[in-house]
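Asks: Listed below are the residues making up each chain.
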Amino acid sequence: MHHRLNATLIIALLCGILAVAMLLGVVIGEAAIPFPRAMAIIGSTFLPIVPDWSTSEESIILLIRLPRVILAALVGAALAICGAVLQSLFRNPMADPFLLGISNGAALGASLVLVTGVSFGAGLLGVPLAAFAFGLLTIYLVYELARVGNRVPVTTLLLCGIAVAAFMSAGTSFLLFISGENLHQIVFWLLGGISGRGWEYVFLLFPFVAGGSILFLSLARPLNALMFGEEPAQYLGIDVERLKKVVLVAVSFVTGAAVSVSGIIGFVGLITPHMVRLWIGPDHRTLLPVSLLLGAILLVLADLASRVILAPNELPIGIITALCGAPFFAYLLRRRGKEA
Amino acid sequence: MNLLESSGVDFSYGRKTVLRGIDLECRQGEVLGILGQNGSGKTTLLRVLAGYLKPDRGRVMYKGRDISTLDAMELARTRAVVGQSAGVQFDFPVAEYVMLGRTPYLSRFGRETAHDFSVVEQALEYTDTPHLQDRPVSNLSGGELQRVIIARALAQEPEILMLDEPTSHLDVRHQLEIMELLGELSSRMAVIAIVHDLNLAARYCGRVALLHKGSLHSCGPPRNVLSPDAIRDVFTVCACKAENTGLKGDLFSFSLPAPDSARKEVKVHVITGGGYGRAVLHSLAGRGYETSAGILNEGDMDLETARSLGLRVISAPPFSRIGEKERPLLEDVCEGADAIVVVAMPVGEGNIENIRIARDLMVRVPVILYAPDCTFSGLDYTEGKAGNIYSDLREGGRLACSLEEIFEILAQIGDRKKI
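Line by line, the protein sequences give chains A and B.
Anchor point for the first sequence: position 231 equals 231 in my numbering, and the numbering is continuous, going up by one each time.
Anchor point for the second sequence: position 156 equals 156 in my numbering, and the numbering is continuous, going up by one each time.
None of these hints come from the bench; they were simulated from the model.
Do not rely on the hints blindly, as some may be mistaken.
[To be verified] Quick list of in silico lysine-lysine cross-link-like pairs, DSS-like style, CA-CA up to 25 Å:
id, chain 1, residue 1, chain 2, residue 2
1, A, K244, B, K54
2, B, K267, B, K213
3, B, K54, B, K16
4, B, K267, B, K241
5, B, K267, A, K245
6, B, K213, B, K16
[Said to hold, decoys possible] Some chain A residues well away from chain B (every beta-carbon gap over 10 Å; in silico):
id, residue
7, W199
8, L236
9, L323
By construction, the Cβ of each residue, glycine as well, lies at the ideal position given by its N, Cα and C atoms.
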């Protein structure tokens with residue numbers, strides 16, 4: 001079947017583009033390090049290359065830019081694949097990873113730590129851990145509120161998500177109001193950013209993204225069946241309620257982990273799956289891996305832009321994604337409206 | 001052995017009881033039709049039989065095994081369900097869509113085997129859809145889509161196939177094609193289908209189950225189950241069975257019953273013959289007038305119509321002259337009627353007595369002479385005698401040139417009677 005071959009080609013192509021984007025992300029920056037030297041520094045980690053560079057150049061590349069670029073790729077991949085899976089699960093094109101209030105919960109958790117300065121003995125990782133915990137708590141609350149016996153009706157779930165998210169937002173707003181000198185920090189976190197995050201964040205996020213992605217890719221076939229409705233999927237042998245639970249829990253953990261390291265980066269999770277659907281169709285066996293790769297590419301590029309546009313200052317990456325994402329989303333909607 | 005059997009199935013949504021004590025069975029080699037009014041519980045029953053809803057009481061068995069002991073995958077390998085198809089709006093190629101039917105046979109990361117592809121190919125062939133396989137499902141016509149959905153169900157290699165109104169939204173040709181297809185499939189599996197069209201059910205279902213307010217009204221071959229009486233009970237419409245259609249099953253035409261019982265009190269006798277009174281008889285009976293007809297020779301088309309409507313009929317032997325023997329019977333019925341409707345029909349020596357009696361009774365019973373479009377030409381085969389009687393009837397009775405006019409006059413008669 002030739003469209004499956006096509007899919008393999010597309011995936012290979014995107015892997016190439018991602019590699020190039022990440023290289024650009026490592027090479028381009030405030031400190032001008034020539035391309036060959038940057039390559040040599042990266043190469044020296046696994047090849048015997050005699051250093052002809054300064055240690056500060058080496059730490060800029062290996063300890064600042066490389067983890068940051070990898071982190072951008074991981075966050076982008078996580079948000080995009082979670083968005084794709086949630087849109088299919090809810091059969092609602094407006095679904096994104098933050099739909100069920102996880103971002104609002106995470107924001108509240110992060111703000112609490114930033115305002116009170118209490119990090120529960122986790123040091124620098126106090127903010128991400130609190131964000132993670134509050135994100136999960138929120139989605140658990142939403143789930144329990146929406147549950148009717150053993151079933152979780154999708155509309156109720158979405159409405160409960162809105163209600164709980166509003167509550168969490170109010171909490172965050174209150175903290176912002178009383179935050180005083182911490183205001184800038186909180187706002188910066190809320191706007192989303194991955195500057196200054198080192199390897200520890202990469203190690204924190206990686207297992208979630210890897211595990212989640214493998215799980216989601218294994219669910220491609222059930223998700224395909226689910227496109228045509230919950231009842232027909234059930235008749236094809238899919239335990240729909242169990243699938244919902246598994247996906248919700250997995251999405252919560254992956255998104256929670258992503259939000260905790262990067263703050264709230266909007267639109268990547270919403271738009272990427274849309275672009276992919278319009279491009280290669282709705283088959284999850286290609287939709288999911290392609291969304292994952294495209295999300296990674298987009299966020300690596302957005303991160304690059306956030307460093308370059310106002311150099312030497314950095315823009316929060318959430319501003320870039322929203323500035324580019326919102327008009328593009330509107331364009332997609334208009335185009336689809338005209339086709340239909 | 002029955003492939004599917006349900007015993008004592010009760011089901012309710014909350015406090016609303018939807019199904020009560022349903023016992024059904026279905027074997028290979030038959031199409032079992034589930035019939036009933038909207039809201040009678042047909043779709044709920046299908047969902048229970050398919051294992052989507054759990055019955056409150058009673059159980060459903062596939063091949064002797066209680067389905068509550070089977071998991072979703074096992075169920076999906078035993079039965080396939082074609083639901084009421086809402087439109088599909090995804091650009092999913094037909095071949096991939098049908099391949100979804102293989103879901104219960106595939107492991108998570110497992111690739112489709114040659115066997116899976118050949119099952120899909122066969123399913124496409126059975127449903128006559130191989131030429132569609134590269135088209136997106138969002139791009140198919142209603143009839144094509146229904147076939148493709150059935151192909152997906154067949155790809156599950158089911159032993160029981162369940163369909164919820166497979167012919168709704170389809171034009172008449174596609175309806176017949178789908179029903180034929182179900183008949184063919186029934187040689188390999190048990191087929192259970194909710195059918196709305198009673199005539200399709202009568203023709204294509206080996207047995208039908210008539211569902212009425214959540215209970216089984218009756219179940220059996222359509223010839224036994226689908227009678228005008230049963231149809232009136234369950235669907236609250238008047239059904240008229242057409243005879244000698246040459247089709248495999250019975251053929252019914254339907255009409256709405258009288259909105260209230262007042263009309264029952266107006267008795268109408270119809271004098272007709274040769275099929276000229278078919279429309280009159282149908283609409284009178286359909287509107288609930290207590291109608292009788294005659295004198296009609298055995299074998300007359302109007303006699304068959306009257307009988308199929310369950311009307312009182314005065315008959316005479318075939319091809320005989322209506323005469324002294326039947327005259328008192330007719331006079332009797334006419335004197336008891338509130339109105340006599342005489343349908344303008346060709347009159348010869350054989351049936352002139354019919355309209356003569358009407359003329360004689362004209363003084364006592366109101367006569368309505370019904371002549372579509374008010375034409376009387378070419379009806380007299382008695383050298384003027386019949387023509388004279390028709391003239392007398394026009395003068396002494398009331399002329400109606402359409403069915404509506406008959407009902408206007410009858411309504412006036414009914415009003416007068418009430419006073």
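Asks: Which of the numbered hints above does this structure break?
Replies: 2, 5, 8
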